[in-house]
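J.: The chain contents come next:
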Amino acid sequence: MLAGCKALSAFFEYMSQKRILEVQNLCKSFSGVKVLDNITFNLEKGEVHALMGENGAGKSTFMKILMGLLPADSGEIILGGEKIQHTHVHEMLKRGISMIHQEILMVPELTIAQNIFLGKEIHRFSWLNEKDIYKKTRELLKTLNINIDANTKMKHLSIADKQMVEIAKAISNNAKIIIMDEPTSALSDKEVSTLFAIIKDLTSKGVAIIYISHKMDEIYQISDRITVLRDGQYIATKSAQELPIKYLISMMVGREIEDIFPKTEHPIGETIIKVTNLSQTGKFENINFEVKSGEILGIAGLVGAGRTEVVRAIAGLDEFKEGEIFINEEKVTVPSPKAAMKLGIGYVSEDRKAFGFIPQLSVKQNITLSSLSSLSNSWFVSDTQEEALANQMKNNLKIKASSINQKLIYLSGGNQQKVVIAKVLSSSPQIIILDEPTRGIDIGAKFEIYKLINELKSKGLAIILISSELPEIFGMSDRILVLSKGKQTALLSRQEATQEKVMQYAIH
Amino acid sequence: MQYIKNLKQYGILIAFLVVCVTLSSISPQFLTFSNWLIIFTQVSINALLAFGVTFVIITGGIDLSIGSVVAVSGVAAALLARQDSYPVIVPILGGLFVGLLFGLLNGLLITKSKIAPFIVTLGVMTIGRGLALIISKGRPISNLSESFNFIGGGDILGIPFPIIILFIVFIICSIVLKKTIFGRYVYAVGGNQQAAWASGINVNQVKMAVYALCGLLSGLAGILLTSRITTGQPNAGMSFELDAIAAAVIGGSSTSGGVGSIQGTLFGVILIGVLNNGLDLLNVSSYYQQVVMGVIIIGAVLLDSWNQKIKD
Numbered sequence: 001m002l003a004g005c006k007a008l009s010a011f012f013e014y015m016s017q018k019r020i021l022e023v024q025n026l027c028k029s030f031s032g033v034k035v036l037d038n039i040t041f042n043l044e045k046g047e048v049h050a051l052m053g054e055n056g057a058g059k060s061t062f063m064k065i066l067m068g069l070l071p072a073d074s075g076e077i078i079l080g081g082e083k084i085q086h087t088h089v090h091e092m093l094k095r096g097i098s099m100i101h102q103e104i105l106m107v108p109e110l111t112i113a114q115n116i117f118l119g120k121e122i123h124r125f126s127w128l129n130e131k132d133i134y135k136k137t138r139e140l141l142k143t144l145n146i147n148i149d150a151n152t153k154m155k156h157l158s159i160a161d162k163q164m165v166e167i168a169k170a171i172s173n174n175a176k177i178i179i180m181d182e183p184t185s186a187l188s189d190k191e192v193s194t195l196f197a198i199i200k201d202l203t204s205k206g207v208a209i210i211y212i213s214h215k216m217d218e219i220y221q222i223s224d225r226i227t228v229l230r231d232g233q234y235i236a237t238k239s240a241q242e243l244p245i246k247y248l249i250s251m252m253v254g255r256e257i258e259d260i261f262p263k264t265e266h267p268i269g270e271t272i273i274k275v276t277n278l279s280q281t282g283k284f285e286n287i288n289f290e291v292k293s294g295e296i297l298g299i300a301g302l303v304g305a306g307r308t309e310v311v312r313a314i315a316g317l318d319e320f321k322e323g324e325i326f327i328n329e330e331k332v333t334v335p336s337p338k339a340a341m342k343l344g345i346g347y348v349s350e351d352r353k354a355f356g357f358i359p360q361l362s363v364k365q366n367i368t369l370s371s372l373s374s375l376s377n378s379w380f381v382s383d384t385q386e387e388a389l390a391n392q393m394k395n396n397l398k399i400k401a402s403s404i405n406q407k408l409i410y411l412s413g414g415n416q417q418k419v420v421i422a423k424v425l426s427s428s429p430q431i432i433i434l435d436e437p438t439r440g441i442d443i444g445a446k447f448e449i450y451k452l453i454n455e456l457k458s459k460g461l462a463i464i465l466i467s468s469e470l471p472e473i474f475g476m477s478d479r480i481l482v483l484s485k486g487k488q489t490a491l492l493s494r495q496e497a498t499q500e501k502v503m504q505y506a507i508h
Numbered sequence: 001m002q003y004i005k006n007l008k009q010y011g012i013l014i015a016f017l018v019v020c021v022t023l024s025s026i027s028p029q030f031l032t033f034s035n036w037l038i039i040f041t042q043v044s045i046n047a048l049l050a051f052g053v054t055f056v057i058i059t060g061g062i063d064l065s066i067g068s069v070v071a072v073s074g075v076a077a078a079l080l081a082r083q084d085s086y087p088v089i090v091p092i093l094g095g096l097f098v099g100l101l102f103g104l105l106n107g108l109l110i111t112k113s114k115i116a117p118f119i120v121t122l123g124v125m126t127i128g129r130g131l132a133l134i135i136s137k138g139r140p141i142s143n144l145s146e147s148f149n150f151i152g153g154g155d156i157l158g159i160p161f162p163i164i165i166l167f168i169v170f171i172i173c174s175i176v177l178k179k180t181i182f183g184r185y186v187y188a189v190g191g192n193q194q195a196a197w198a199s200g201i202n203v204n205q206v207k208m209a210v211y212a213l214c215g216l217l218s219g220l221a222g223i224l225l226t227s228r229i230t231t232g233q234p235n236a237g238m239s240f241e242l243d244a245i246a247a248a249v250i251g252g253s254s255t256s257g258g259v260g261s262i263q264g265t266l267f268g269v270i271l272i273g274v275l276n277n278g279l280d281l282l283n284v285s286s287y288y289q290q291v292v293m294g295v296i297i298i299g300a301v302l303l304d305s306w307n308q309k310i311k312d
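Protein chains in written order, with our numbering: chain H, 1 to 508; chain L, 1 to 312.
Derived by calculation from the structure, the hints in this document are not laboratory data. Because the structure is a prediction, the values reported are computed rather than measured. Cβ atoms here follow ideal geometry from the backbone N, Cα and C, with glycine treated the same way.
With a Cα cut of at most 30 Å, we get these calculated DSS-like pairs of lysine-lysine:
1) H:K485 / H:K331
2) H:K485 / H:K215
3) H:K292 / H:K398
4) H:K451 / H:K274
5) L:K179 / H:K407
6) L:K178 / H:K353
7) H:K407 / H:K215
8) H:K338 / H:K321
9) H:K400 / L:K179
10) L:K178 / H:K342
11) L:K114 / H:K342
12) H:K338 / L:K179
13) H:K155 / H:K353
14) H:K398 / L:K179
15) H:K155 / L:K114
16) L:K112 / H:K321
17) H:K342 / L:K179
18) H:K283 / L:K112
Not close to chain L: a few residues of chain H, all C-beta gaps over 10 Å, as computed:
19) M67
20) Y220
21) Q233
22) S458
23) S493
Using the sequences and the hints, build the whole thing.
T.: Now the structure itself:
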């Protein structure tokens with residue numbers, strides 16, 4: 001009886017406590033290198049707490065420790081008033097910490113309900129009670145305002161819906177703290193607002209969110225407090241309202257950045273590529289544009305508007321049904337990426353893991369992959385030429401790697417992206433298509449990529465830039481093509497384009 | 001030193017040295033020059049097959065038809081190599097041609113039909129075995145010419161001819177894989193096929209080439225085997241593919257593609273050969289030898305994944 005009372009009062013004390021997570025002096029080293037140095041962090045019930053920092057700042061290591069995926073070297077984690085030491089993932093899940101991963105971990109062949117109850121199936125003597133599993137899933141989806149049939153197989157869902165299901169799963173685990181790592185990287189604006197509505201709903205129910213993102217506008221839209229890490233060190237925790245963006249950025253990079261989009265004026269030359277009436281059934285129709293030497297054409301639109309599909313067709317990755325492509329006024333065909341590259345079309349894919357680089361090959365080998373045969377006139381790889389090219393690219397693009405022989409898996413996202421761009425540039429293109437070139441990379445590296453794009457512009461390349469971040473489109477482009485549901489709704493000059501106009505055409 | 005580093009598996013290397021030291025202390029015969037000539041002659045056929053399959057495995061594929069191709073090309077060579085028929089070059093080219101044909105068939109089916117290499121080569125394995133039985137009418141073909149029998153049984157300055165073939169093929173394969181543009185593409189295709197394609201590499205061409213090469217080397221192994229046993233045997237080469245794949249895997253090739261080397265594979269081949277030889281010298285029954293081999297294969301891959309974990 002007494003024990004019961006004690007437990008009950010402890011429970012109430014815990015419930016009334018506002019601070020549900022407290023981290024003190026957390027340290028972690030990997031083979032002698034300190035990646036986390038005295039990290040302090042706390043989380044209050046019902047708040048969205050943004051964790052900011054460049055890639056390599058220590059965010060993911062910190063989150064891995066919180067999730068029990070890695071042990072800390074020293075320091076304290078106090079969760080719900082209880083000190084936690086050396087714990088495992090399932091233990092942390094039980095204690096109410098869940099993580100929504102960048103890569104979604106679900107079984108594609110199973111239904112939503114089966115996935116949500118995976119590992120905690122409702123059963124009687126090992127006999128599955130499917131009826132209850134579905135009933136409970138439906139209730140759960142309803143409380144979260146998610147409008148999908150619980151009977152749908154995961155593989156049929158869009159990335160956004162999959163993410164919603166992940167969140168539902170976290171809630172079904174009774175999560176009190178949900179870590180979201182770049183949750184919007186694959187979402188359209190509409191889906192982002194649905195996600196934010198769900199986050200607001202969750203926080204009103206007392207769930208705390210640790211939110212990791214590189215998108216500044218989102219951070220300010222959703223978060224209550226912001227903690228900044230830099231080079232494994234705790235910099236500061238501030239209320240989002242009291243922290244101007246300029247100050248936040250300088251805290252993250254450790255120096256001031258005057259202008260994120262360095263503008264340079266260059267004369268625009270002749271038309272290099274012209275696309276007329278480009279159409280592909282079910283994907284896009286009647287796309288017309290041209291890009292001149294030294295010009296940047298930005299392509300804006302919501303996710304699913306057909307932006308990537310259009311440029312993939314031009315770069316020879318996908319087929320198209322109708323339409324013509326002219327390069328230097330000559331009609332061309334692009335049956336394969338190889339053919340496109342021969343014509344001088346270089347493509348940097350939005351999906352750099354799938355289409356960008358070979359993880360097991362080195363920086364050097366990746367950079368020269370598309371230009372090996374032009375580097376040598378025999379069957380053999382020319383070592384000296386290859387090294388010269390790789391070193392030149394490494395220096396020009398400021399690729400941070402221990403040497404040109406380091407494998408790509410060991411590089412950060414931003415540096416992997418630079419290697420992919422270096423590879424495309426090595427094939428000396430006259431047209432370069434950059435599809436979400438700064439997705440998932442930190443602000444310092446973003447800044448360098450913007451500078452690089454401007455350099456290419458000044459060298460007279462024709463540049464096509466796709467981005468879901470409107471500031472990027474506005475900051476970089478000379479003209480803006482807007483797509484909506486596979487159709488071209490506007491082609492605006494930078495002078496006449498405004499954020500409102502572009503958004504309007506994008507949802508046309 | 002760089003060479004050993006490339007093996008990426010000090011563990012297996014140490015195990016290998018331990019085996020050698022133990023064997024030489026137990027059996028004085030083990031470390032003699034003549035015993036090593038025997039070991040290398042014995043492993044020569046598996047080496048050729050393992051080199052071929054290493055290329056295939058690095059692209060992320062697999063070739064199960066190797067053993068059957070050894071049989072069918074060996075039988076084909078034997079039919080052309082009977083005494084007083086053709087000059088020796090004819091059975092050699094004939095055997096190589098049959099091997100190449102099967103390799104191209106594998107490559108064509110894999111690149112055009114998009115059926116998994118495991119299934120395609122499983123089918124071709126059965127087809128090959130059947131054809132070997134058909135063209136030989138199910139009987140061994142003997143009475144082969146002297147000059148043909150030299151390939152597997154002769155020697156130059158005391159070095160058995162199969163060992164000379166082994167080292168020539170070893171050098172060519174290492175150079176092709178490490179120094180040529182094609183070799184780089186092999187790694188790229190296995191490491192990330194889509195990215196390789198988007199980088200302007202003709203992925204299908206690369207795949208065709210590795211299966212063709214694997215077939216060609218199986219043809220060569222078929223000729224070598226037929227010549228060594230001086231008979232074209234339609235039942236020869238049973239489960240040779242498994243030994244070849246085992247050697248490649250012990251030597252550090254990853255069946256998920258993108259990783260592997262000819263040096264590593266040679267090392268795997270020798271390790272298997274030394275173990276068989278040593279266990280023979282120690283009079284260990286062949287039943288136990290199989291158990292040991294299985295343990296080695298799994299142990300090698302385990303060690304490799306541990307190494308990876310430490311690295312990460």
